[in-house]
Amino acid sequence: MEREQVHKMLRDMLRARAFEERAAEEYSKGSFAGFLHLYPGEEAVAVGVIHATEPADYIVTTYREHVHALVRGTPSKAIMAELFGRRDGICKGMGGSMHLFDAERRFMGGYAIVGETYPIAIGVGYAILLRNLPEAVICFFGDGAVNQGTFHESLNMAALWRLPVLFVCENNHYQIGTEIHRHSAQTDVYKRASAYNIPSEKINGMDVLSVYSTTERLLKQIRNGGGPYLLELETYRFRGHSMADPGTYRPSVEVHSFTSQDPISIAAHELESSYPTAEEIAKVGPDCITQLTEQAQQTGHLLEQDLELIKKDIENEIDAAVDFAMNSPEPTMDECWLCFQNNQRAETLL
Amino acid sequence: MEREQVHKMLRDMLRARAFEERAAEEYSKGSFAGFLHLYPGEEAVAVGVIHATEPADYIVTTYREHVHALVRGTPSKAIMAELFGRRDGICKGMGGSMHLFDAERRFMGGYAIVGETYPIAIGVGYAILLRNLPEAVICFFGDGAVNQGTFHESLNMAALWRLPVLFVCENNHYQIGTEIHRHSAQTDVYKRASAYNIPSEKINGMDVLSVYSTTERLLKQIRNGGGPYLLELETYRFRGHSMADPGTYRPSVEVHSFTSQDPISIAAHELESSYPTAEEIAKVGPDCITQLTEQAQQTGHLLEQDLELIKKDIENEIDAAVDFAMNSPEPTMDECWLCFQNNQRAETLL
Amino acid sequence: MHEEILYWQALNRALDIAMAKDSSVFILGEDVGLFGGTYRVTEGLYSKYGEARVRDTPISENSFTGLGVGAAMIGMRPVVEIMTVNFALLALDAIINMAAKIPFMSGGQYAMPLVIRMPGGVAKQLAAQHSQRLEHTMMNVPGLRIAVPSTPQDAFWQFSQAIESDDPIILLEHELLYFTKGVLDSSIEALPMHKAQVRRKGKHLTIISYSKHALVSLQAAEQLAQQGIDTEVIDLRSLSPIDWETCIESIQRTHRLIVVEEDCKFAGAGAEIVSELTERCFFELDEAPIRVAGMNIPTPFNAKLEAASIPQVEDIVAAAQGFRLPS
Amino acid sequence: MHEEILYWQALNRALDIAMAKDSSVFILGEDVGLFGGTYRVTEGLYSKYGEARVRDTPISENSFTGLGVGAAMIGMRPVVEIMTVNFALLALDAIINMAAKIPFMSGGQYAMPLVIRMPGGVAKQLAAQHSQRLEHTMMNVPGLRIAVPSTPQDAFWQFSQAIESDDPIILLEHELLYFTKGVLDSSIEALPMHKAQVRRKGKHLTIISYSKHALVSLQAAEQLAQQGIDTEVIDLRSLSPIDWETCIESIQRTHRLIVVEEDCKFAGAGAEIVSELTERCFFELDEAPIRVAGMNIPTPFNAKLEAASIPQVEDIVAAAQGFRLPS
Ligand SMILES: Cc1ncc(C[n+]2csc(CCOP(=O)(O)OP(=O)(O)O)c2C)c(N)n1
Ligand SMILES: Cc1ncc(C[n+]2csc(CCOP(=O)(O)OP(=O)(O)O)c2C)c(N)n1
Ligand SMILES: [Mg+2]
Ligand SMILES: [Mg+2]
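Protein chains in written order, with this note's numbering: chain A, 1 to 350; chain B, 1001 to 1350; chain C, 2001 to 2327; chain D, 3001 to 3327.
By construction, these hints were calculated from the structure, which means they are not laboratory data.
It is possible that some hints are incorrect.
Said to hold, decoys possible - Heads up, simulated DSS-like pairs for lysine-lysine below, C-alpha to C-alpha not over 27 Å straight-line:
id: 1; chain 1: D; residue 1: Lys3304; chain 2: A; residue 2: Lys29
id: 2; chain 1: A; residue 1: Lys29; chain 2: D; residue 2: Lys3021
id: 3; chain 1: C; residue 1: Lys2181; chain 2: C; residue 2: Lys2195
The task is simple: from the sequences and hints, build the whole structure.
Written out as structure tokens, the structure reads:
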């Protein structure tokens, strides 16, 4: 893999981590309320998958989607302002954390009702089919979401009509507090695809490089008319389900074993000579320090300045995003109605 | 297999056929309206399965359920009166053809919304589990019903909690006018069960003997705590989907090939020396005449009088059922409200 | 062009014209293709436009309705047929949580040019699970618009307008209307999508209704006329938005109001109509407004009870006779 | 026994008592067990009654609600928790087509001792998909009964009564009530399940409300009292059936009516209340009844807009001030 690409992915993982930790901080400060579902631990999934997409591809995702939007290219300030509910948010403050949409980047939305991403994805896929274009749809969903009826219904239709959809399961082993073996009779999510004659596989979702290369291969195949595919990515969230959930239902040894596989450290490892220092990494988040430090000690780190630069950049970016959000005005009720009636255009209703 | 048992099953198949053809006749005469979904061609399924049940087992089924109720033991007159919407109908005229319920016989209802049988069945199964009883639930559904989300959701829960449910797919290859390969990406229904780690198999649903013996074996296993199982029965409906559907979307060669497998003729074959005459069989329905006649000519028929007696009996029974239905009064609005408020008993609402 | 046509044919015509004109229009639903549609609305279109644009679906209401939502987001103009409104209970997440909310939640980034057609209402002995009317449920959802055409002309107009609109629109078609006949004049300009229409002028009282019961109300009005009661009948044509102005103008003349609906009375569509008009015309009303509506009971299978559970001509006549009219 | 207790604790208590007493009572829903319930209602029950009777479910709303229906048919008394009312849109087939209709369709053969609990309403910046109120949808379904307790005492009583009833009952719990405190007195006899309660006596006007907004209305009444406007506040406690007598008796004294609801105004619960009471008290009303209700818009995420989209104390006060009171 190109060093450049790895570099970009590591950078996006670091941005993702920094963005989310900052969002948590702002939430705790009371800058905004509501449900806030964070992504630390799962960065390799969104980063690996989305880096493999083309601008013409579409992305459909869930309420845990800040990072997906960020990686897709939505400016961090537009996302942060949305979390703050402000006028300059990507959805003008109407959607909030769980409902980021960015039409320009074909980012088809964050959905807060579990299981909604499938029908949206096959709908976009159906449109692509009718238009006969070399485009693909990426449909993200969690392990818990697999048990919603729409999974079954949508995968069947995707297979029947060979829709260009890559179904990506972010299997973090939990549906809020319910572990996968307590919510699914079949804990290998990828095996469920056979019920629809959809090919599938499971790979390590903590390894951004293989996520990237697998996705790249699959998307090519899908854009060439290969039909739908299901990719299961095993991953882990370091935090609780949302800010309201301390995640205490998980044995600490389990949490520890996964933090030692921190995807950021795994990616950094690939950049061989560019390991960050323990101090630098400390800023990323406590969960990966030990691991990264160890690796850094073992392999040495050459491009220290580069990494320092990246970190600095990111810090500045996120600071700027928060500033921007804070200074963006609250939307007015008039603006709210405009968003609502946007589609009526020149139509005469009565 | 005991000759007695085969005899009883053949008798029930003939009753089923006669009941349904008479229902069609009454419908055409205008004795009642609504949707009427008939069972000719599929008799071996209901008869084979239900003969293998115990009185303590429960049955959940669809809108195409007259025969299921009949075989379970609901008197034909109570069913016919329900089709007529009369007071002495099994549901007092409130439910009609698609909604037969018979609590006494643990016949948990005919459901007209495709996919409803699964949740009801797992609910009954869950109650059995909590009560720790050696009982099973039989859940019938069509091939089209497999694509409803509830199939997926319910089978997962059945497997997770090892509920005592036998899922029986009446695969007649059609969802109204849509053939199975046009509605399901996976046309072997039984293969879908693997997505939930549920064991399954497919057998010939035109062969009442194997349906019976397979079901008997499976129910024993389920009552002994073996967990859920999915049994796919390949069958065919000779008529259209309902009285509103002439079924013209099916190639006549296809219809012909299946009528030549008429389950009644297959069952009769087992009774070796008891073949009916062509004239006798003519009363059963036109679709199986040729086949039965041929077989009869080839093998001879000894217990002609027996069969004649059965046929006569059935004719009398169905005549009596129609008489009964016709003479049963229409329910009054008062009775209607009583059915509705039946559960409030002595409760003070306000 | 002025011709007699059946209601289903008017819908078929509207769809055919739209599909011929705009390749982004497609229809999907159970048995809409090869089979030609349960109520024939899609007859002939499968062979004309092919299976991709006239798509037979599995029995997966929530997901194929959601498919329509996704396709509409990127500029297609899907028409989803839900075989009957009763099955829409399975698709309400797609309709309410997705179609109605995405344009707003996205801050106005997405249009939602989606039409969802549903036959419904009490037909003939279809029993409780197949006789529902869900207008009240959909009315309470901001973002949805609801058309309830009662004539072939309106069916043609409103379906065509719905396909052209960028908002999600629900078309409720009463099952007993498909084989009713009426004039379709394609030369006259369509009424605005949601405008109510006064079907009969009258001075003693105003009946407001919609869909099949607008026609039942007209029959009642004819009977009342013979008794010297001159009844105005308004066919709302739309349940969201509602054309209050036409209603208010009428009440200002008649000072008496009956709202007729097939839906269960308790929390049905009529509740909103009576409530809003009372608030706005309180001092114009000489007597209490009356709802003539379906009984609060699941629809019984028995034919007589079924008929008794929804308003008949006589019920409306009796209600009108209860007024103390100025002589 | 007379104690201060939180709303969620009252629900927890009711369930605990019912489970201890009757082994046919069980609860199921997402994270009700090991996790202890999103709003703590099932806290402690998993360890006390085991995982079979406190069942964590997959995210399969329609089917686990339907599971409750099936179990209720053979005599269990299931309590289904739908994590929030918004997800009930996925379970409406089980609720409306199954739970509400089976007892009737079977000719009265089956009871349906099922309770479905759902948190809901506008809480704090949960955005459009998580801020809904579906009371209107459920009200229009004959066969369902709906309780909307606003205090710990009512939560305790009504939940206990719901579990004991053989009818399917929906318990709507406002998300902002769980951590409100109130007195629970287990020595006094419970009010009947669906009886409305006059929370404040008054002579100038009647406010009818329910759930959280009954409390908001009380606050408004206090402010109005300081301005010399003596307001009666009725907490309906039940949306189906509705205790009309209590409402009518009040209107006969005050002659003025305001209905307050958080739900969208258009075709919301208030429409039924105003409509029925207008029909029945037309000549008792001195002025047009008023609905103070939520705006007809999906709930915006922004906190200020969110607050502006539902009635606040000032909105109620302003509405009351609009009346021309006798001096
Ligand atoms: C239909 C529905 N039911 C329940 C919820 C509440 N809920 C939100 S997230 C969640 C867990 C989802 O788990 P999973 O799909 O594994 O995604 P993760 O949060 O782990 O990324 C639940 C139950 C919901 N939002 N929608
Ligand atoms: C949810 C729902 N969608 C659609 C229908 C209309 N409908 C009734 S029967 C049927 C076909 C069912 O096919 P299958 O499950 O194979 O059963 P079969 O009729 O062949 O016995 C359809 C689409 C329905 N009743 N319920
Ligand atoms: Mg998960
Ligand atoms: Mg079939």
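Results for each hint:
For the given pair, lysine 3304 (chain D) sits about 18 Å from lysine 29 (chain A) by alpha-carbon distance, which is consistent with the 27 Å threshold. For a cut-off of 27 Å, the pair hint linking lysine 29 (chain A) to lysine 3021 (chain D) is broken: about 45 Å separates their Cα positions. Straight-line distance between C-alpha atoms of lysine 2181 (chain C) and lysine 2195 (chain C) comes to about 22 Å, which keeps the hinted pair within the 27 Å bound.
In this structure, the one hint that does not hold is number 2.
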